[in-house]
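Q: Here is how the chains run, residue by residue.
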Amino acid sequence: MSITPGRLRALTRHRLFWPLALLAGLLLVAVADNPSFFSVRVQGGHLYGNLIDILRLSAPLALIALGMTLVIALKGIDLSVGAVVAIGGAVACTEISQLADQGSASGVVLAVGAALGLCLLAGLWNGFLVAYVGIQPIIATLILMVAGRGVAQMVTDGQIVTVSSSPYHLIGGGYLFGLPFSALTAGAVLGLVALLVRRSALGVLVESVGGNAEASRLAGIKSRGLTLGVYAFSGLCAGAAGLMISSNIAGADGNNAGLWIELDAIFAVVIGGTALTGGRFYLGGTLVGVLVIQTLTTVVLSLGVPPETTLVFKACVVTAVCLLQSPAFRHAVTSRLRRAGSRPPGASSTHIEKPEHEHEPDPTEPTPREVQNT
Amino acid sequence: MSAPLTSLRLAARHRRGYIPVASTAVLFLALLAAGNSRYYGFLEGQVLLNLLINNAGLLVLAVGMTFVILTGGIDLSVGAVAALSTMMVAWMVERAGVPPLLAIVLALAVGAGLGRLMGHMVHDFGVQPFIATLAGMFLARGLCFLISTESISITDPLFATAAQTRIPLPSGTFISISVVIALVIVAVAFGVLHYTRFGRGVYAVGDNPQSAELMALPVRRTILAAYTISGLCSALGGVLFTFYTQSGYSLNLLGTELDTIAAVVIGGTVLTGGAGYVLGTVLGVCVLGVIQTIITFEGTLSSWWTKIVTGALLLAFVLLQRVLTARRTSAGS
Amino acid sequence: MAPATPVLEATGIVKDFLGVRALKEVDFRLFPGEVHALMGENGAGKSTLIKVLTGVHAADGGEIRLQGTPVRFTGPLHARAHGVSTVYQEVNLCPSLSIAENVLLGREPRRFGAIRWKELRRRATELLARLDIDVDVRVELGSQPLAVQQMVAIARAIDVDARVLILDEPTSSLDREEVDRLFAVLDRLRGDGVAVLFVSHFLEQIYEISDRVTVLRDGGLIGEYATAELPRRDLVARMLGQEPGDLEAEQHRTSRAQDDQNDQAPFVTARGVGRKGAIAPFDLDLTPGRVTGLAGLLGSGRSESARLLAGADRADQGQLTVDGAPVTLRGPRAAIARSIAYLSENRKADGLIPDLTVTENIVLALQAAQGWARPLSARRTDELVTRWMTALDIRPRDPSLPVRNLSGGNQQKVLLARWLLTEPRLLILDEPTRGIDIGAKAQILRLISGLADDGLAVLFVSAELEEVLRLSDTVAVLRDRELVAALPGGAALTVERLMEVIATGENATGEIAPGEVTTGEPV
Amino acid sequence: GGDKKQPSGGGNGGGGGDGAITFGFAQVGSESGWRTANTTSIKDAAKKAGITLKFSDAQQKQENQIAAIRSFITQKVDVIGFSPVVESGWDTVLKEARDAKIPVILTDRAVDSADDSLYVTFIGSDFVEEGRRAGKWLVEDTKEDGPFNVVVLEGTTGSAPANDRKKGFAEIVGNDDRFRFIASQTGDFTRAKGKEVMESFLKSHKKIDVLFAHNDDMAIGAIQAIEEAGKKPGTDIRIVSIDGIKEAFQAMADGKINVVVECNPLIGPQVMDLVKKVHAGDSVEKRVEAEEGVFTQEQAKDELPNRTY
Ligand SMILES: Nc1ncnc2c1ncn2[C@@H]1O[C@H](COP(=O)(O)OP(=O)(O)OP(=O)(O)O)[C@@H](O)[C@H]1O
Ligand SMILES: Nc1ncnc2c1ncn2[C@@H]1O[C@H](COP(=O)(O)OP(=O)(O)OP(=O)(O)O)[C@@H](O)[C@H]1O
Ligand SMILES: [Mg+2]
Ligand SMILES: [Mg+2]
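Read top to bottom, the protein sequences are chains C, A, P and B. Per this note's numbering, the first sequence starts with residue 1, numbered consecutively. Per this note's numbering, the second sequence starts with residue 1, numbered consecutively. Per this note's numbering, the third sequence starts with residue 1, numbered consecutively. Per this note's numbering, the fourth sequence starts with residue 1, numbered consecutively.
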């Protein structure tokens, strides 16, 4: 073997090893069930296949999760992204549907600009409430989550606003160089943001404020402005995702677009290794998380899991990812396996194993005077 | 000269913890007064009691959630576990002929068990609470569908009695059995949180988990218990829901986890844990209930205006809450 | 003198952190009825040994015996259940719970299972009174100065009926008087046959209280000695692995600046600056080239006045001038922009960003001042970080480690580096040497002194009066949140004199430097 | 203040002393365009009929709906109407309404209460029947002998229309062994999900002959997926859908959907008639069917201009 055991161990310890392994596992299951799962052909001048679908469909989530990653790194959370998705799509489609010529690129650009501007405002609003008014992020964004959906419905009048505009269709349903335009956009944005936060000091400042707000204040970091900016960016990302989603179905569904997408986004962020308690964030990890979620959905569809059991299936996969990612769990499993193996117990008497919490004494008992763990 | 000053400052500091709850209470009353000035019959006794009757289940869920949030966690599974409990009770009673009380006990046990499993994931395996309970939520909802995708009506007379019994109160008003159960749960939770070592441990763990561990507190037991209590409360909330609707349905209480979290946080509990009061949670639930009531009384809102107005009222509420608490705390320090 | 069986004995303890060996086959014995000091430089492995002994970390090798029986504690709870009570380095308490609860958490007095709150408060008050801490135990712990928090942690540990009491740097933020009270308590416990393990960087304290010393260096055991039989010089030599240089030789800093104080305009002046409920209005001049010490008792308001000058809290009265121009500091950022740097006293709560690396922590303030759009180049960062890590001897010399993995003393040095890097004109240091070993301390004091000579204005707060005296050109004395005197430093000012002023608030000779101090109206 | 909103039912119980009837209507929510059309129809009809409408939106939550009905009772409206979120669980609150002598009209969906005296009448559609109609059309339209591969886009798992339409369709088509159900997945009644699921179907199944969508939105999403796969919706794959929104008619006119079984949301006028009758104490049918039909491509072009939503 070319891989030394030490290397392998280091590899399995990597934060993203298990999510990626699971991703691979899911794909393998899918291809075992349907050998043509991986097949990609050219159809209508672009690539066509399950893998391409995964890329295209994960683009909106990737954008939202990108914004969410920064918000979470600041110890915040943004529940309003789903509603902002709906607003973004609604505003753009309503504007476009009122154009005399829906195919006019300038009209579409204006509509898109208006939609994104509004979403940016929505994000600024969240940031304002969090940074300047001092409302807990979950409540601050819950307000827009509730009201924003209403705004989207008001814009669309509760109906689906259909558009037939080829420039607009490009955003979420179109292809460039044979690849989904949405995936390219999301990838480009992700890359640019990664570059921006890691090449400038932005990333470190965000991590610092998320890691210890008071210490950062004393170190002279403008945490308010930073917070405002990050929430605004999250709003903008959600708006862009909203454009993609509505463009993909050529219509804005104010009622359902982006429903519960905040949960998916947060899930992706956390799978990627960013903790909800703030601090360090990992954009690459978030991307993996997004791919895991979309692949899971696509694989579930491809396997034909009955709708009634879909959720149980998803629950099992989610649990599996979390547990595999947990070093404590892996340790518990390996030590149990080892114990079950040939080695006699106590073979390593000087080696003290990592404590498992099972031996925890009950402190309500009278304090034992004798040592029990002999 | 400085002695009385110091003691004054100390007094202000030591009451600081109550300010969020006190301000929530004041604002709640203000909200009622505002409603009353706008709508006829808003402050009728029964309208207020309906607040409790309609929200008894949510109240119980929120009590469980309070425990988890105080430890610094979060429980997204409450709505799904409650739905599962309605489904289990309905299925057992109607399809499997299990005696109702036994069915209820079994449902509670399953709820508590699910909660405990999530607790294990959170503490023993270091899975972030959000994800562990999200998995719990999927699982519980999924199990609902496995039991049945259709709603099941409960015809057992016990449930009809539980649903329809009115416990009369003075001047012709009444409350339901569920309200009594919910209030008992609140009282018990209050007692546990403020008068037991476990309860104080919950605060300590939420305030600073590493410190709690180093202070030789039973962190593991506390976290497991908090999630178990939340699971149990969710299941009980589900049972109360069957008392409310006499049926089980997989899609019950969809999205309730957010309402529950909102109620707890509006009640002054800090999402990062360690500070809050269960009585604040009661107020939080009432605030959400009043907002709902105002909207019903307004009676002319279209669907989206309902959402926008709900958001606006919520905003007005937290803004005022913020103004009040900011004044007091800055005066106190 | 030691009885036959140690109450706690560790043999061949090995602990690895990601391939780095923090403990190399360390043996350690603790006997009943002794106070045993654990000594070593910053990062020598003292805290790690304590954490291994009490089950916070699992050892990678070795054996631990409690009264002769092998044990494997699963954590502090388990250890406590077997009579081992520990106060870890850094205050590890719950800041938003009340003081009373923090003292008795987990052991609250109960009747029929219900906590008796009155009794709880009574007992907590009583326990703290034993340490001479007189506070309203209902207030939030987090609102208290670090020293009070430290005492609460100690009160909590000594309350239990323990056979072994472990204290990791309990005195690092305590004033002399608190230390005395603590030692009185330790003395009594020793008499009761309790085994005490004690870590401190103060040699006087070690010689005052301990019976035996175990010395660690670089994770290895150097030896175990009877304190009385080990001369200070030898102890220091064993800790450092080399003959100590002029550690204690240094007396008062030769304040060149003092002579030409008249032609130096103050960099920052405070006139009637104060904050209601925190500190009475005070006047203070901070002049380039001069070190101003702040002395006072616990809670006298040293930290609070430092915070006002640093913009960490906002003054609600008085006028601050910087470089002759009146300013209102709206926050730390404003202070930093005016070249004022502030090292806060509580490194855990408001200093470190634990997840970030040493590099990131060190350059944080400089980077924040430059703005996010102008990142420090990798070269510049490397250069600065290497320079300061060497200057302050931060170990391990690996700038990519998360700062949380550093030992307490090294974390403190990281914070010091953060502020020195910004090249401030006024450096406000609140307990800068907290938890720093004696070798490094001398080095750091020399460094500060040198910077002052080069024209830096320094405000220096420390619980250790010797240190204040050694460094300061002027010592301002605070009492009950009021600045009561400013004494010129120099050989004439002795610890005794200073203590007297602190205790009585009166300047025995009445020589308050004119224009320097006017006590403001009490608030 | 002086401008307090008074329930116009006044304090006199079910009275209607001042002429205007107060009708409290508890809507499910606004989860789809269909629902919005339903709401609009009810509001417009109430205005036209001079009935004071108290409208409440339950946001898809049964507990909200129950609370709203309770509130209508305390506000002493004259007639209560609601379209239940779910069939079960209404006995208690309906008894309260009966005790308060307020008649109740169900719209859109039925309740499964054993005691049918709890409500006066039901108006709306029969989801099972809709499923059956869709099935019947399919069986009749496919003269040639199969086998036909059928895929289904189901509504939200657990929701009544999804359950019932599935049941009704299976009753007819399931008994005909020319048809094979090769895939069935939930598309949550939404266009985006419908498209995503159909994309997946198209990739895992070589030959799909029939698509049955539980609503039009999913069908429209699926059409896009089919077109992107290079197939012709309505020709290569027969598409059967339910609801009858304007866009579905447009698609039918374009030959992309084969048949739409109408599920009419525009029952406002019918409801208001019933409200008036019930309030006046006239007897009404226990079950009033909404006016709805089955539309094929031939009829679609003529019907298209009549579609308002
Ligand atoms: N969790 C950890 N992960 C990695 N390395 C660690 C960790 N904890 C401690 N170390 C390393 O172990 C060594 C010993 O640290 P320890 O905290 O025991 O020192 P110490 O003797 O207590 O020093 P101080 O006097 O500064 O408190 C240091 O080099 C430190 O960087
Ligand atoms: N005798 C005392 N015992 C305990 N706490 C006290 C005492 N006197 C004052 N305090 C507390 O001290 C605080 C003032 O702290 P401040 O940080 O300004 O003091 P300090 O002089 O910097 O002390 P330290 O250097 O120990 O932090 C107040 O919160 C007050 O409650
Ligand atoms: Mg240490
Ligand atoms: Mg201080």
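No wet-lab data here; the hints were simulated from the structure. Don't be surprised by glycine CBs; every beta carbon is placed ideally from N, CA and C. A hint or two may mislead.
[What the hints assert, rightly or not] Partial list, derived from the structure: chain C residues whose beta carbon lies under 10 Å from chain A:
| id | residue |
| --- | --- |
| 1 | 191 |
| 2 | 193 |
| 3 | 270 |
| 4 | 318 |
| 5 | 322 |
[Said to hold, decoys possible] Below, computed lysine to any residue pairings styled on SDA-like, alpha-carbon distance capped at 25 Å:
| id | chain 1 | residue 1 | chain 2 | residue 2 |
| --- | --- | --- | --- | --- |
| 6 | B | 231 | C | 23 |
| 7 | B | 232 | C | 36 |
| 8 | B | 101 | B | 50 |
| 9 | B | 136 | B | 180 |
| 10 | C | 222 | A | 323 |
| 11 | B | 206 | C | 103 |
| 12 | P | 348 | A | 126 |
Q: Decide, hint by hint, whether the structure agrees.
A: How the hints compare with the structure:
no.	hint	result
1	191	27 Å, violated
2	193	23 Å, violated
3	270	5 Å, holds
4	318	4 Å, holds
5	322	4 Å, holds
6	231/B with 23/C	31 Å, violated
7	232/B with 36/C	22 Å, holds
8	101/B with 50/B	22 Å, holds
9	136/B with 180/B	16 Å, holds
10	222/C with 323/A	23 Å, holds
11	206/B with 103/C	34 Å, violated
12	348/P with 126/A	23 Å, holds
Consistency with the previously given hints fails for numbers 1, 2, 6 and 11, ordered from lowest to highest.
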